[in-house]
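Got chain L sorted already, so can you dock chain V onto it with the hints?
Protein chains in written order, with the working numbering: chain L, 1 to 178; chain V, 1001 to 1100.
These are computed hints drawn from the structure, not numbers from a lab. Ideal placement from N, C-alpha and C gives every residue a C-beta, glycine not left out. There's no promise every hint is true.
[As the list claims (entries may be wrong)] Here are some of the chain V residues that sit facing chain L, going by a computed Cβ distance under 7 Å:
id, residue
1, I1072
2, K1073
3, Y1076
4, G1081
5, G1082
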Amino acid sequence: MIETLDKPVTESKPAPTIKNEKKLKRVLVICSKGKLEDVYAALVLANGALMEGIEAKMFFTFFGLEAITKKKADHLHTATVGNPAFMPGMPTMLGGLPGFEAFASYMMMKEMDKLDMPHVTEFLQMIEAGGGEIYACKLAADMFHLKKDDFLPEVKDIITVGDMYALADGEGTQIIFI
Amino acid sequence: METIVMNLPVNAEGYLLDPNTWTREWAQEIAQGYGITLTDKHWAVIEWLRKKQSEGVALTIRKVGTSGITDIKEFYQLFPGGPLKVSSKIAGIPKPVSCI
Chain L
1 MIETLDKPVT ESKPAPTIKN EKKLKRVLVI CSKGKLEDVY AALVLANGAL
51 MEGIEAKMFF TFFGLEAITK KKADHLHTAT VGNPAFMPGM PTMLGGLPGF
101 EAFASYMMMK EMDKLDMPHV TEFLQMIEAG GGEIYACKLA ADMFHLKKDD
151 FLPEVKDIIT VGDMYALADG EGTQIIFI
Chain V
1001 METIVMNLPV NAEGYLLDPN TWTREWAQEI AQGYGITLTD KHWAVIEWLR
1051 KKQSEGVALT IRKVGTSGIT DIKEFYQLFP GGPLKVSSKI AGIPKPVSCI
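Extracted from the complex, chain L is given alone in its bound form:
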């Protein structure tokens, strides 16, 4: 019996395969704080993961909800009181003067602009565009009387703590709490 081949046999050169076997496959970043620096830390970590080809999910809870609330996301403040790392040597009382916190936050945002850091809403858009998922905590949303409509459109859903753990299910996942 003679076998016929549809195509002539040619030697194909194997393409160089680039190993992309990462141990860390997914991160779940929980943001529980509403201070400018804490929110940015969470955003940088989630976005940085996506940049490395690592899946990223974000869960905002308690004061962290400010970062995904339409009215507040781009108006976060940095703490000037009770923050010993902020202008060391300066009497802490000064940090409590009216307008001081707003001024410090404005200065911080200015420095961030210089580094071409996006504002919170744009950062969240970038994360969503990169395949990241953003969620709000149900318990905290109920506590602060926030509805889906109060949140930015990038917020995928309002979920329970159980749902949040389901997001982190699977091998190679790390949970980061801020």
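Then chain V, alone, in the frame of chain L:
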């Protein structure tokens, strides 16, 4: 990784040592390793990256998103598994050092 594809020297992470030695054929071979078939859109991004890098611009995903060539969402789809790093490698330019 230390693979020398088409005899062009690369560093330990596979980035081309000298962007001037880059060729389109080399880029195609590297892209193939990532399972990417380069389309006109890919080439447009690669050319843009090479141009900006030669001008000394610090490249970020955000800048690619505002390049007018592609948006961030499409950029992630074009170069899966870390778009800026993968595209920089294919474009034969140094590893990007941005955190954003």
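Quick rundown of the hints versus the structure:
no.: 1; hint: I1072; in the structure: 4 Å, holds
no.: 2; hint: K1073; in the structure: 4 Å, holds
no.: 3; hint: Y1076; in the structure: 5 Å, holds
no.: 4; hint: G1081; in the structure: 4 Å, holds
no.: 5; hint: G1082; in the structure: 4 Å, holds
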